[in-house]
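A.B. asks: These protein sequence lines are chains A and B, in that order. According to our numbering, numbering within the first sequence proceeds without interruption in unit steps and concludes at 127. According to our numbering, numbering within the second sequence proceeds without interruption in unit steps and concludes at 1391.
If you are wondering where the hints come from, they were derived from the structure by calculation, not from laboratory data. Quick reminder that beta carbons are idealized off the backbone N, C-alpha and C, glycines included. Fair warning: there could be bad hints in the mix.
With a straight-line Cα cutoff of 20 angstroms, these simulated PhoX-like cross-link-like pairs (lysine-lysine) come out [as the list claims (entries may be wrong)]: (1) B/Lys1169 with B/Lys1249; (2) A/Lys54 with B/Lys1336; (3) A/Lys54 with B/Lys1249; (4) A/Lys54 with A/Lys123; (5) B/Lys1298 with B/Lys1336; (6) A/Lys10 with A/Lys127.
A short list of chain A residues far from chain B (calculated; beta carbon distances all over 12 angstroms) [said to hold, decoys possible]: (7) Ala13; (8) Lys15; (9) Ile18; (10) Leu66; (11) Leu71; (12) Ala72; (13) Gly83; (14) Arg95; (15) Gly97; (16) Asp99; (17) Val100.
Cβ pair distances, simulated, as ranges [stated by the list, open to error]: (18) B/Gln1181 with A/Gln65: 25 to 35 angstroms; (19) A/Pro58 with B/Leu1154: 22 to 32 angstroms; (20) B/Asn1360 with A/Asn38: 49 to 59 angstroms; (21) B/Lys1072 with A/Pro43: 50 to 60 angstroms; (22) A/Gly97 with B/Val1230: 43 to 53 angstroms; (23) A/Asp113 with B/Ala1178: 51 to 61 angstroms; (24) B/Glu1173 with A/Gly14: 49 to 59 angstroms.
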Amino acid sequence: MADLREVVLKRNAGKPEISVFIGQAQFGHYDVRLRTPNGKWVPQAVGDNHDDIKDEFPLTLPLAQLGGCVLAWVVTVVAPSPGPGQLYFVRLDVRQGGDVCEGGYFEDGGAIDGNETTAGAAKLVLK
Amino acid sequence: MRSRVCRGVAAAGLTLLFATPLPGHAEGANDASDPNNVVIKQFKADLSVPKSPALSVLGVTSEEVIRPDSPKALAAGILQGVDPRGNLQTGLALDTTPYMLFSGNGVTLHEYKDSFAVQLLANTSVSLATAKGTNDDDKGTRLALGFRVTPWSLGDLRRDEGLLDCFGKHLREPSSPAVVQVTDELFDAVANGDQAATEKLIAQRKPLLEAEFAPCREEARKRNWNRSSVALGAAPTWLSEDGSLNQLKWNGASFWASGAYGFDTIPGLKDTSQILATVRYVGGESVPTNLEADPFVKQDTLSVGAQIRLGVYSPDPNQPPTFILNAEGDWLHAAKRRQDDDSSYRVSLGADVKIPGIENTYLKIIVGGSGGAADATNAGFILANFKVGLQ
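The following block holds chain A by itself, in its conformation from the complex (with noise of 0.2 angstroms):
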């Protein structure tokens, strides 16, 4: 097991907001959840790019219950045209009052073939 790295919040920064952009013009579907430090999951966003709902939320829980929370996702990203010779790319973000929090930056990408999962977690630390 690694560790998981880490997402400083601060206090003062006001309430976290996750985006998601996901381009190379594919199909995106994400999917955002919250760990507790109990181990209890908590749904924060489910959506896709190709509605007309922007894909940026606020995390649900109050800031002052956040930190130990791990922050997860999984984003499937579907080409439309299936075969090789494509790529993908996924970038989330975590923001405070605009500002990309520290260590809050996370992106993948590559070739693409059909589909791909991109899927990852970050611990947040309250400061």
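Starting from the structure of chain A, add chain B where the hints point.
C.D. replies: Positioned in the frame of chain A, the structure of chain B alone reads:
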């Protein structure tokens, strides 16, 4: 160059063949009475712009096409084509979409759907290929650069709202409980920092999801197979007689233009019918001759082809048509320097008639022939066979 598909006894079901020389044309090319020579000049004209024009023009059929996933990989791929002494390495086959490679990470699906310029750039590909000469007398190395652009397509899957909605639906509510289970396990694995389990679950998830998407893709294929579109291609080529980069000389260029009309707004035809047309011009190409003193001659070739497929009757609009008319033809004109010009044509007319009571099975009848060619390959033919499926 013509792409001929010789179809004979290998076709599914019973096949009957009758080949007849056309009046005024040489005999001997096809003897249908000889079972070892059941080669009919029934053809399928190549009516599309090749996906990778550079590979196509050099006849490269390598499965090992480099499709770089980063600008660095592109540079590495290009460098593979030249050795440290500046000699071209044969067997290079590279294909990429430069706009998506360099800028695609910042392009969203919405931006693509809303911008014609983005669609144009995203559907413009560049290919590069090298190959050895085509015969023993031709020891040179050829280099081709290819460009392909689709300026307009109603069958663009990135803009198929039905397909995108279907992906979203199957991801929100997968029909297979295994997808939900693997996803939940994946959340546990990533939250625990278990890299091995994460990779294993991601690998498990991919085929499960592709199975979810299979109906979406199949419906999209049915919706889009005949949608109207335009595609253009070009492939300049160079020849180096000694294989070195600094001895590269111009060796002509190929150009393609192809259009499809799918009766997109016409009920009764929009799901069953299509007209395809294509023009190809090859300029300044060195082609082998039979003359010892002059083994190669420069040739310009123009070919024009068209195909019409009309699904003319279907009692149930949700079922394939019961009667389909097909007409196909192409004309080729070759202008050889210091030799006579040569023109030839091929035409065929066919019908697919659904066999009543047998699902998706058709009797296919084709009548056609070719003429004008100076190389004794003119012949007429009648072909009848049974086939399963329409595509």
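A.B. asks: Starting from the hint 49 to 59 angstroms, judge whether the C-beta atoms of B/Asn1360 and A/Asn38 obey it.
C.D. replies: holds (58 angstroms)
A.B. asks: Beyond 12 angstroms on every Cβ pair: is that true for A/Val100 relative to chain B?
C.D. replies: holds (16 angstroms)
A.B. asks: Test the statement that A/Leu71 is away from the interface with chain B: the closest C-beta pair must be farther apart than 12 angstroms.
C.D. replies: violated (9 angstroms)
A.B. asks: Can the restraint linking A/Lys54 and A/Lys123 be considered satisfied, given a maximum Cα separation of 20 angstroms?
C.D. replies: violated (25 angstroms)
A.B. asks: Using the Cβ atoms, figure out if A/Gly97 sits within 43 to 53 angstroms of B/Val1230.
C.D. replies: holds (49 angstroms)
A.B. asks: Compute the least Cβ-Cβ separation between A/Gly97 and chain B, then decide whether it is above 12 angstroms.
C.D. replies: holds (24 angstroms)
A.B. asks: Starting from B/Lys1169, check that the Cα of B/Lys1249 is at most 20 angstroms away, please.
C.D. replies: violated (55 angstroms)
A.B. asks: Would you check whether the claim that A/Asp99 is not at the interface survives, using Cβ distances to chain B and the 12 angstroms cut-off?
C.D. replies: Non-interface label on A/Asp99 holds, nearest chain B Cβ at 20 angstroms vs cutoff 12 angstroms.
A.B. asks: Beyond 12 angstroms from every Cβ of chain B: is that where the Cβ of A/Ala13 lies?
C.D. replies: holds (24 angstroms)
A.B. asks: Verify the CB-CB distance for B/Gln1181 and A/Gln65 against the hinted window 25 to 35 angstroms.
C.D. replies: Distance hint for B/Gln1181, A/Gln65 holds at roughly 29 angstroms.
A.B. asks: Has the hinted range 49 to 59 angstroms been met by the Cβ atoms of B/Glu1173 and A/Gly14?
C.D. replies: violated (34 angstroms)
A.B. asks: Confirm or reject: A/Arg95 is not an interface residue toward chain B, with every Cβ-Cβ distance exceeding 12 angstroms.
C.D. replies: Non-interface label on A/Arg95 holds, nearest chain B Cβ at 18 angstroms vs cutoff 12 angstroms.
In this structure, the hints that do not hold are numbers 1, 2, 3, 4, 11, 12, 13, 19, 21, 23, 24, in rising order.
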